[in-house]
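**Q** Chain by chain, the residues:
Protein chains: 2
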Amino acid sequence: MDAMPFQFSIQKKDKKSRARTGIVKTPHGSFSTPAFVTVGTLASVRALSSQDLLDLGVEVALANTYHLHIRPSEKVVKKMGGLHTFMNFQKPLFTDSGGFQVFSLGFGKEHGTGKIGGFFPESKHMNEEPKKEKSWAKVDEDGVSFKNPINGDRARLTPEISMKIQKDLGADIILAFDECTSPMHDYEYTKESLGRTHRWAQRCIKAHKGNKKQALFGIVQGGVWKNLREESASFISSLPFDGYAIGGSLGDKSKTQMHDILDWTIPNLKGSKPIHLLGIGAVEDIFNSVERGVDTFDCVTPTRLARHGYIFLTPKAGGTLEGKYRISIKNKKFMTDKKPIDPHCKCSTCRTYTRAYLRHLFMANELAYFRLASIHNLHFFLQLMREIRKAIEDKKFMLLRKAWLG
Amino acid sequence: MDAMPFQFSIQKKDKKSRARTGIVKTPHGSFSTPAFVTVGTLASVRALSSQDLLDLGVEVALANTYHLHIRPSEKVVKKMGGLHTFMNFQKPLFTDSGGFQVFSLGFGKEHGTGKIGGFFPESKHMNEEPKKEKSWAKVDEDGVSFKNPINGDRARLTPEISMKIQKDLGADIILAFDECTSPMHDYEYTKESLGRTHRWAQRCIKAHKGNKKQALFGIVQGGVWKNLREESASFISSLPFDGYAIGGSLGDKSKTQMHDILDWTIPNLKGSKPIHLLGIGAVEDIFNSVERGVDTFDCVTPTRLARHGYIFLTPKAGGTLEGKYRISIKNKKFMTDKKPIDPHCKCSTCRTYTRAYLRHLFMANELAYFRLASIHNLHFFLQLMREIRKAIEDKKFMLLRKAWLG
Numbered sequence: 019m020d021a022m023p024f025q026f027s028i029q030k031k032d033k034k035s036r037a038r039t040g041i042v043k044t045p046h047g048s049f050s051t052p053a054f055v056t057v058g059t060l061a062s063v064r065a066l067s068s069q070d071l072l073d074l075g076v077e078v079a080l081a082n083t084y085h086l087h088i089r090p091s092e093k094v095v096k097k098m099g100g101l102h103t104f105m106n107f108q109k110p111l112f113t114d115s116g117g118f119q120v121f122s123l124g125f126g127k128e129h130g131t132g133k134i135g136g137f138f139p140e141s142k143h144m145n146e147e148p149k150k151e152k153s154w155a156k157v158d159e160d161g162v163s164f165k166n167p168i169n170g171d172r173a174r175l176t177p178e179i180s181m182k183i184q185k186d187l188g189a190d191i192i193l194a195f196d197e198c199t200s201p202m203h204d205y206e207y208t209k210e211s212l213g214r215t216h217r218w219a220q221r222c223i224k225a226h227k228g229n230k231k232q233a234l235f236g237i238v239q240g241g242v243w244k245n246l247r248e249e250s251a252s253f254i255s256s257l258p259f260d261g262y263a264i265g266g267s268l269g270d271k272s273k274t275q276m277h278d279i280l281d282w283t284i285p286n287l288k289g290s291k292p293i294h295l296l297g298i299g300a301v302e303d304i305f306n307s308v309e310r311g312v313d314t315f316d317c318v319t320p321t322r323l324a325r326h327g328y329i330f331l332t333p334k335a336g337g338t339l340e341g342k343y344r345i346s347i348k349n350k351k352f353m354t355d356k357k358p359i360d361p362h363c364k365c366s367t368c369r370t371y372t373r374a375y376l377r378h379l380f381m382a383n384e385l386a387y388f389r390l391a392s393i394h395n396l397h398f399f400l401q402l403m404r405e406i407r408k409a410i411e412d413k414k415f416m417l418l419r420k421a422w423l424g
Numbered sequence: 019m020d021a022m023p024f025q026f027s028i029q030k031k032d033k034k035s036r037a038r039t040g041i042v043k044t045p046h047g048s049f050s051t052p053a054f055v056t057v058g059t060l061a062s063v064r065a066l067s068s069q070d071l072l073d074l075g076v077e078v079a080l081a082n083t084y085h086l087h088i089r090p091s092e093k094v095v096k097k098m099g100g101l102h103t104f105m106n107f108q109k110p111l112f113t114d115s116g117g118f119q120v121f122s123l124g125f126g127k128e129h130g131t132g133k134i135g136g137f138f139p140e141s142k143h144m145n146e147e148p149k150k151e152k153s154w155a156k157v158d159e160d161g162v163s164f165k166n167p168i169n170g171d172r173a174r175l176t177p178e179i180s181m182k183i184q185k186d187l188g189a190d191i192i193l194a195f196d197e198c199t200s201p202m203h204d205y206e207y208t209k210e211s212l213g214r215t216h217r218w219a220q221r222c223i224k225a226h227k228g229n230k231k232q233a234l235f236g237i238v239q240g241g242v243w244k245n246l247r248e249e250s251a252s253f254i255s256s257l258p259f260d261g262y263a264i265g266g267s268l269g270d271k272s273k274t275q276m277h278d279i280l281d282w283t284i285p286n287l288k289g290s291k292p293i294h295l296l297g298i299g300a301v302e303d304i305f306n307s308v309e310r311g312v313d314t315f316d317c318v319t320p321t322r323l324a325r326h327g328y329i330f331l332t333p334k335a336g337g338t339l340e341g342k343y344r345i346s347i348k349n350k351k352f353m354t355d356k357k358p359i360d361p362h363c364k365c366s367t368c369r370t371y372t373r374a375y376l377r378h379l380f381m382a383n384e385l386a387y388f389r390l391a392s393i394h395n396l397h398f399f400l401q402l403m404r405e406i407r408k409a410i411e412d413k414k415f416m417l418l419r420k421a422w423l424g
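Protein chains in written order, with this note's numbering: chain A, 19 to 424; chain B, 19 to 424.
I should point out that these hints are in silico values taken from the structure, not numbers from a laboratory. Please note that a few of the clues may not be correct.
As the list claims (entries may be wrong) - Here are the computed distance ranges between Cβ atoms for each label pair:
no., chain 1, residue 1, chain 2, residue 2, range
1, A, 408, B, 73, 43 to 49 Å
2, B, 73, A, 206, 55 to 61 Å
3, B, 277, A, 75, 52 to 58 Å
4, B, 405, A, 75, 36 to 42 Å
Stated by the list, open to error - Result set (DSS-like, lysine-lysine): computed pairs, CA atoms no more than 27 Å apart in a straight line:
no., chain 1, residue 1, chain 2, residue 2
5, A, 350, B, 185
6, B, 96, B, 227
7, A, 364, A, 348
8, B, 97, A, 350
9, B, 97, A, 185
10, A, 93, A, 185
11, B, 351, A, 97
What the hints assert, rightly or not - A few chain B residues facing chain A, derived, Cβ under 10 Å:
no., residue
12, 67
13, 381
14, 387
15, 416
Glycine is no exception: its CB is placed at the ideal position from the N, C-alpha and C atoms.
With the hints as constraints, model all of the structure from the sequences given.
**A** Dropping the structure here:
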């Protein structure tokens, strides 16, 4: 892959942890790590325009292969010149492989569970009980068959099809096709699935051969078993991937289990390649993952929680670990509150509108609310990452972690 | 009203019609007429921020008294420093009187009818059959009792209450409280109602006395009867209002009936005061009303139609009178259309996104669509008004009218 303009260079390493800063170079420019990868599922970050993303300083985003395959289809995106041109955002982009969504349609639907440390991504209301439904997906050695939720058609994803779709979409960083398991899977199934995920990884490498425009990341699975995670990390990093992603669902398991998984995985990833943690976005998780050596995350948290009325606050503005660094804008006490959400925040929403006005827009279900709240929340995460990077550079990462998490 | 900083000066008069340009001065700056008054019902133009309005060059907007009274209430808005500060938009603002909404809850609900030349404003789907429901409002000599649709409470509006609410809201131009009649009302009822509207107009003048910060416009009613419209125009313009508004519902009646109403009304409005036409926003209606001497209009057309997937096009871009100068972005032919909505349009949406991308966002119900489409449609109307004003200045209004309407 000599000619590929993808490159990762580590800049600074923290002495007291695995935290590190780096720069990822792609055909669409560079981004600094640790980075929060903003999610724009359907080639659109919900409620925001690509100009909003530029104004916010978004350096890298992720779109979902599965969703775009369903609509408008990779053929349309390719015809439009690829994702960057389609959404008019000429910055580094990831696509995922569709594996996680297949999990959602399959095991996830049956068991009502979600991703590692996160909440179930298809649930419209994050606080509702997960719905248990009949599986819409069936895994075999070659790939996965599933029902297209838009038109009910039978559809199929295999490693080769995922690579082809992601090539047509044209992101800078694409992901190997894997099977995402959950802690509700037993050891036997997880082991069997892991073997398949590894064989699929090899098929992805093969299918991707000759593609010099896109970097390919392999995905480590292995559920909650130390030996499987270690085995997966060793195996995946023995293949010529450009980087690694850590996948899997934690379901109801505790956060410490996520820490264990990272501790079992990351030291076993060979080489100095970028490490992505799939679907993570809580403030606490970001600190704990960066501490363990994660370079990038993607999560819908900022925009999804904004839409549900949750606004993020730094500790300086009153955010607390117990309160998950957020407030509900619905709270009656904001009815005539003339302060911005966060008087120290530099986002355009905080510079322009009061809590009272935002509360009014939310209560009246005004569309303007969704964008203004998403701008603030996304700014919060981007600013947090800037501070984390600076702290690592200044050898103060564990101090910053302490200031936030206590 | 000597000290009131409200002023209207006519600039140019068309020789072949009643069309004229003017400048309206208010405590929050000036705007040029003929003007399209952008509607921000709940102190928010749907899907847009006040910064978007400034970027678009919106010079004047209107909020709805009835809706704001229901939520967040005029008390909250007053506490927040009034509408301008609440929504952070320091430009001239209108509020209506709540009369039309009372009509919607009352006769409108019973008969499933809407406003003059427009569609029923409470209908979520503009193409659906109007729903006929039990009246929620009861008119008596003193005012109107109605049911608060949010909490079911009994509520009341009178001329004095409307003046008080509008004073608390703090718009620059406020409207007298009237009863809006429809052509389904017979002559007897319309005549009786008109007498009441005139008595209410006198009570509004009285209640408004001493308020030097807000201009008060009287409302002409009279249904589809020439003598009643003439009588109303004469009576309303005999009172010391700062301007006039023309109200009423046309229901199923033809557009020519609207022209008749304007022709019966406007020549009978004494003095050189600004004339507002309530709830009008079709391109054809704008030309026909300006021709007849209307200075300002308000309508939800640009933003509401945007949300329903309708995008406005100038004749140069393919818009036609028969097609109501709009296209449906849903059309399959736009699936891979790389052109902007209108290649000649200077709005930020047309400068940034393709038809294919906007279609995708609409089909996928992405929130970003609503803002991007609303920006284009609002720009279309603002640009149309700029062209109309220029044409009047250049003595070419009837030529411009012909170029658009044929």
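**Q** Report the numbers of all earlier hints that the structure fails to satisfy, in ascending order.
**A** 1, 9, 15
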